[in-house]
Each structure stands twice: as structure tokens, then as C-alpha cells.
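Participant: Protein chains in written order, with our numbering: chain X, 495 to 652; chain D, 3 to 260; chain S, 48 to 153.
To be clear, the hints were calculated from the coordinates, so they are not data collected in a lab.
Being a predicted model, the structure only gives us computed values, none of them experimental.
Warning: the hint list may mix true and false statements.
Claimed, not checked - As a list, the in silico SDA-like pairs of lysine to any residue whose alpha-carbon atoms are at most 20 Å apart:
| hint | chain 1 | residue 1 | chain 2 | residue 2 |
| --- | --- | --- | --- | --- |
| 1 | S | K61 | X | K536 |
| 2 | S | K68 | D | K186 |
| 3 | X | K556 | D | N173 |
| 4 | D | K186 | D | N173 |
| 5 | S | K68 | X | A623 |
| 6 | S | K68 | X | L555 |
| 7 | X | K556 | D | E44 |
| 8 | S | K68 | X | Q641 |
| 9 | S | K68 | S | T131 |
| 10 | S | K68 | X | R609 |
| 11 | X | K556 | S | T131 |
| 12 | S | K61 | X | A579 |
| 13 | S | K68 | X | I560 |
| 14 | D | K186 | X | I560 |
| 15 | X | K556 | S | K68 |
| 16 | S | K68 | D | E44 |
| 17 | S | K68 | X | R606 |
| 18 | X | K536 | X | A623 |
| 19 | X | K556 | S | K61 |
| 20 | S | K68 | D | N173 |
| 21 | S | K61 | D | N173 |
| 22 | S | K68 | D | D62 |
| 23 | S | K68 | D | Q46 |
| 24 | X | K536 | X | R609 |
| 25 | S | K68 | S | G102 |
| 26 | S | K68 | S | R90 |
| 27 | S | K61 | X | P605 |
| 28 | D | K186 | X | T578 |
| 29 | S | K68 | S | A133 |
| 30 | S | K68 | X | K536 |
| 31 | S | K68 | D | N50 |
What the hints assert, rightly or not - So the derived label-pair ranges between C-beta atoms look like this:
| hint | chain 1 | residue 1 | chain 2 | residue 2 | range |
| --- | --- | --- | --- | --- | --- |
| 32 | D | I96 | S | G82 | 33 to 43 Å |
| 33 | S | E63 | D | D33 | 27 to 37 Å |
| 34 | X | E550 | S | E63 | 29 to 39 Å |
| 35 | S | E86 | D | V79 | 22 to 32 Å |
Glycine included, each C-beta is placed from N, C-alpha and C at the ideal position.
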Amino acid sequence: MPDHRAQPETIFSRRALIRLGAGSMLIAATPLPAFATPDDVKAAQQELFGSRVIREGRVTLKLPAIAENGYSVPFSVEVDSTMTADDHVRQIAIFSPRNPIANVALFQLGPRAGRAAVATRIRLGGTQAVQAVAEMNDGSLWSGSAQTVVTLAACVVL
Amino acid sequence: MKRRSPALAIAALLAACTPSPTTDADLPAADIQSGYAFLTAETQAMQNDSFANPGFLWVDLGSDLFESAADGAPSCVSCHSEGLAGVAATYPAIDEASGDLLNVEGRINRCRIRHQNLPALAYEGGELLALTAFIANQSAGTPISVSTTGASASHYRNGRDYFYTRRGQFNLSCHQCHDQNWGKRLRGDTISQGHGNGFPAYRLEWQTLGSLQRRIRDCDSGVRAEPKAFGDPAYIDLELYLSSRASGLEMESPAIRR
Amino acid sequence: MASIRLSVPQTARKGEVIELKALIQHPMESGYRRGSRGEQIPRNIITRFECLYDGEIVFSADFHPAIAADPFLTFYTRAVRSGTLAFRWTDQHGEMWSDTAALTVT
Numbered sequence: 495m496p497d498h499r500a501q502p503e504t505i506f507s508r509r510a511l512i513r514l515g516a517g518s519m520l521i522a523a524t525p526l527p528a529f530a531t532p533d534d535v536k537a538a539q540q541e542l543f544g545s546r547v548i549r550e551g552r553v554t555l556k557l558p559a560i561a562e563n564g565y566s567v568p569f570s571v572e573v574d575s576t577m578t579a580d581d582h583v584r585q586i587a588i589f590s591p592r593n594p595i596a597n598v599a600l601f602q603l604g605p606r607a608g609r610a611a612v613a614t615r616i617r618l619g620g621t622q623a624v625q626a627v628a629e630m631n632d633g634s635l636w637s638g639s640a641q642t643v644v645t646l647a648a649c650v651v652l
Numbered sequence: 003m004k005r006r007s008p009a010l011a012i013a014a015l016l017a018a019c020t021p022s023p024t025t026d027a028d029l030p031a032a033d034i035q036s037g038y039a040f041l042t043a044e045t046q047a048m049q050n051d052s053f054a055n056p057g058f059l060w061v062d063l064g065s066d067l068f069e070s071a072a073d074g075a076p077s078c079v080s081c082h083s084e085g086l087a088g089v090a091a092t093y094p095a096i097d098e099a100s101g102d103l104l105n106v107e108g109r110i111n112r113c114r115i116r117h118q119n120l121p122a123l124a125y126e127g128g129e130l131l132a133l134t135a136f137i138a139n140q141s142a143g144t145p146i147s148v149s150t151t152g153a154s155a156s157h158y159r160n161g162r163d164y165f166y167t168r169r170g171q172f173n174l175s176c177h178q179c180h181d182q183n184w185g186k187r188l189r190g191d192t193i194s195q196g197h198g199n200g201f202p203a204y205r206l207e208w209q210t211l212g213s214l215q216r217r218i219r220d221c222d223s224g225v226r227a228e229p230k231a232f233g234d235p236a237y238i239d240l241e242l243y244l245s246s247r248a249s250g251l252e253m254e255s256p257a258i259r260r
Numbered sequence: 048m049a050s051i052r053l054s055v056p057q058t059a060r061k062g063e064v065i066e067l068k069a070l071i072q073h074p075m076e077s078g079y080r081r082g083s084r085g086e087q088i089p090r091n092i093i094t095r096f097e098c099l100y101d102g103e104i105v106f107s108a109d110f111h112p113a114i115a116a117d118p119f120l121t122f123y124t125r126a127v128r129s130g131t132l133a134f135r136w137t138d139q140h141g142e143m144w145s146d147t148a149a150l151t152v153t
């Protein structure tokens with residue numbers, strides 16, 4: 495099974511160190527999770543899909559308008575597809591432009607799935623628009639996104 | 003020069019420190035609302051679905067533990083063959099044999115020591131949480147009804163005093179937030195009434211299931227007061243007061259809370 | 048001792064699309080949290096989930112640390128024939144947990 499998990503994150507933290515230059519000593523001493531940027535999402539997408547064009551549409555994401563707690567945010571994604579042998583979703587990739595890591599999850603489907611819909615709970619490190627990219631059996635790529643506000647708890651126990 | 007009598011000074015000092023709850027500030031029965039009412043629709047849906055609610059993972063484990071016998075010790079079910087429906091809704095309660103006030107965790111450990119010859123389980127450990135979740139879930143839907151008279155009376159008074167006493171660097175009492183300011187916003191949250199009817203609860207903040215004792219310790223930390231040890235008698239007394247204050251509210255364990 | 052909870056219908060009509068829910072107890076330690084002494088708590092997550100229908104993978108997922116603790120999934124499959132649905136989780140160290148459910152298709 496191809497391991498497409500590890501790479502984006504190691505490239506990312508090396509880039510962060512190079513960017514910070516003199517500050518890299520401090521980072522090495524007390525490593526803080528630098529957060530991803532939309533550029534890191536693009537890099538993660540390239541890693542998975544190469545330089546193929548990603549079109550907006552067919553993909554619907556649902557996130558609550560306000561997340562009760564960033565540690566567990568209910569999330570669902572659905573792709574408009576008949577899910578037959580001739581027209582189906584091969585995989586759906588979820589990306590975060592603000593978490594420490596741009597990759598959130600990768601779902602592999604196929605015609606046996608019957609319905610291209612998945613729901614789960616994800617962690618979000620701050621207010622952001624989560625993005626999903628669906629790869630169809632003909633190789634075309636479609637995307638959708640949804641915004642959620644992640645707030646701070648009332649009595650923060652530090 | 004006239005000097006005030008030391009007795010008068012001490013009395014004045016005591017009067018200033020001892021909380022005196024007034025009935026008009028207490029939570030009127032008609033206003034009582036579960037913490038469920040203060041959750042977003044998505045979180046309520048998560049609590050309602052027993053396959054999405056992670057608290058049920060502990061209930062399942064507790065069910066297995068309840069029925070299994072460890073090293074020759076009798077299993078819980080060998081005595082409690084009918085199960086324990088409705089029991090958790092009457093806790094904390096006085097243990098007849100010792101006169102101690104016990105919460106559900108305390109009762110589980112007392113049973114283990116007394117009837118099963120097994121050691122007590124630690125708070126927040128997987129086993130005690132699982133058993134507590136299982137037993138509390140057997141009272142889901144049952145209105146809370148605890149005794150505050152007789153041997154429980156002094157414990158009730160202690161618990162009520164704790165609830166009304168200011169503490170911590172923020173110098174806040176439970177009463178100020180949860181009786182006087184519930185429904186108002188504090189940062190991104192809406193302040194709830196502070197009932198324990200959903201506990202043990204899966205708190206999103208903890209990313210796991212936890213006891214009411216753990217929640218109370220978080221409350222103390224939240225106002226920057228030093229939390230007491232798990233199972234401290236002051237906390238058991240407070241649990242009794244909280245249960246009495248929530249009289250009639252249905253139990254919801256395992257609830258989802260923020 | 049990871050507790051698992053599955054929601055699988057007992058019966059389904061042939062060709063019907065059924066909803067499946069799978070919940071497993073796991074802290075999904077992200078690797079970004081710090082302990083009480085400031086030490087970084089090492090990453091410990093489930094990285095792979097697979098649902099097999101009579102031995103054939105019909106749905107699978109790769110998890111990153113952003114998947115919340117006690118990972119939960121709702122997904123779908125077509126009820127093609129009576130058989131066994133197997134649910135399998137594997138963590139970053141290769142440790143595996145699984146459970147099965149029988150499905151009767153009429």
C-alpha cells in the first residue's frame with residue numbers, strides 16, 4: 495500500500511526552519527507547531543494529484559458555523575455522483591489551511607460505496623475554511639470548502 | 003481610647019466570611035435546565051446518537067466488567083442480577099454500615115473492598131470510569147432524587163456552603179456564575195447552570211470521558227483555586243448539594259459536554 | 048483493550064445503499080500536546096481504517112493527527128449479498144483492532 499502520509503509534514507518543518515534563519519536555534523530548543531498556510535495545502539494537493547486542474551463543484555462540505563470545541567468538530571463531505579462502475583468517486587482528500595499539518599484525511603471509495611458521503615470528527619486549530627478534493631474515476635478533480643469559527647473556551651484550564 | 007472587644011471583631015469577621023445563601027438567589031425549580039440545553043445542535047446530535055457518542059465505549063466496557071469475575075472474586079452481577087436501574091439518580095447517598103456519604107465511585111470501591119475482596123480503583127482510570135458510566139447510564143432518563151435529611155443534612159450544608167464560597171485568584175463562587183449569570187456569555191461559551199446530571203461525561207475539552215470530580219477540579223482551576231484531591235469529602239458533599247439543586251432533572255450519562 | 052461500537056443494519060434489500068457507523072476508543076495523540084512538565088507527548092494515532100465486505104475492501108481511510116480522539120466514521124456501502132462486514136483499524140506502530148458484523152441481504 496503506497497505510503498502517502500509522511501512526506502508533506504517533514505518538508506514543511508524543514509521549510510519553516512530555513513525561513514526563520516537565526517530564529518531556528520530557538521525553534522530547535524523549544525519546538526512549537528508552526529501552522530500550515532494555503533501554500534502548504536497546495537503542496538499537499540500536488541503531492542496527491544500532481545498538477546492536474548482542480549475545479550470547484552460537485553463537492554459539498556458541512557461544518558458547524560461555530561465549532562463547540564476545536565478538539566472535536568463534526569464534519570461531513572458528499573460528492574454528487576451516481577457511484578456506478580462508469581461514474582464514481584475514487585478518493586476524497588480533506589485539507590486544512592491552518593492546522594499544523596495540511597492533510598486531514600484521505601478516503602478511498604469506489605462503486606461498491608453506493609453513496610459518496612463520509613462523516614467524521616476532526617480537530618481544527620483555529621477558524622478556517624476546510625477544503626475537500628474528490629478524484630473521479632475519469633481522473634477529473636472537483637473541490638468544495640466550508641468555513642467554521644473555532645472559539646476559545648470560557649474557563650481555560652491551563 | 004476606646005477599643006472594640008476582640009469577640010465583636012471576630013464575630014464581624016466571621017459574618018463577612020461565612021456565606022449566607024438567600025432563597026431568592028437560588029435556582030428556582032421552574033428554571034432548571036440541563037447542560038444539554040446549552041450545547042450547539044451538532045453536539046446535541048452527537049449525544050443523542052449512541053453510535054456517535056464516544057461515552058458509550060465506556061458503557062460497553064463497564065457492562066463487560068460488571069459481568070466478569072476477577073480471580074475468584076464474585077462478579078457484580080452475581081449480587082446485582084437485576085441490574086442497577088435508577089440507583090445512580092439517588093447518589094450521593096449515606097452508606098448505612100459506615101455512615102459515610104458516598105458518590106457512585108465511592109460506592110463501587112466500597113463494594114469491591116467489602117464484598118469482592120478487590121482493591122479500590124483509581125479515579126479517572128479506565129475501569130472506574132467504565133463501571134461508573136455503565137451504572138450511571140442505567141439511570142438515564144431517571145429524575146435525580148437525593149436525600150438531604152437525617153445523616154445527609156450536615157453534608158448537604160457543607161456542599162451548599164462550598165457552592166456559595168468565593169475562591170481562587172478570580173475570587174468567584176459557583177453561585178455567582180451558575181445561579182446568577184447562567185445564560186450569559188463568557189468568551190465563546192454560554193454559561194450553563196452547572197448541573198452534574200450528564201456525568202460521567204465525554205468532555206470535548208478532555209477528548210475523553212471523565213468524572214464529575216474531574217469537572218469540579220477543572221472548575222476550581224478555572225477560577226485559579228487549587229483543586230482538592232479526587233474523592234475529597236468536600237467534593238462529595240458538593241456533589242450532594244449539586245444533585246439536590248438539580249432535583250427532578252433527568253440523568254443523561256454519558257452526556258457530551260464542552 | 049480498545050472498545051469498538053458498530054452500527055450495521057441486520058438486514059437489507061439487495062442493491063440497497065446502507066449506512067455504516069464505526070467508533071473505536073483511541074486517544075489519537077496528535078504529538079502537539081505537552082504534559083504537565085512541558086514535555087512533548089509523542090504522537091500515537093490510528094493511521095488506517097478498512098471496511099471489508101466478505102474480504103473485499105469496500106471503503107478505507109488514511110488518518111492524520113487532525114482526526115479527533117475516539118475516531119468516528121459514517122460511510123456507505125451497497126448491500127450486494129449476505130455476508131460478513133469486517134472493520135479494521137491499524138495504528139502507526141502496526142497494532143491492529145477489528146470487529147465484524149453479519150449482514151443478511153434479501
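Participant: Check the structure against each numbered hint from earlier and tell me which ones fail, lowest number first.
Facilitator: Those not satisfied are hints 1, 2, 3, 5, 8, 11, 13, 19, 20, 21, 24, 26, 28, 30, 33, 35.
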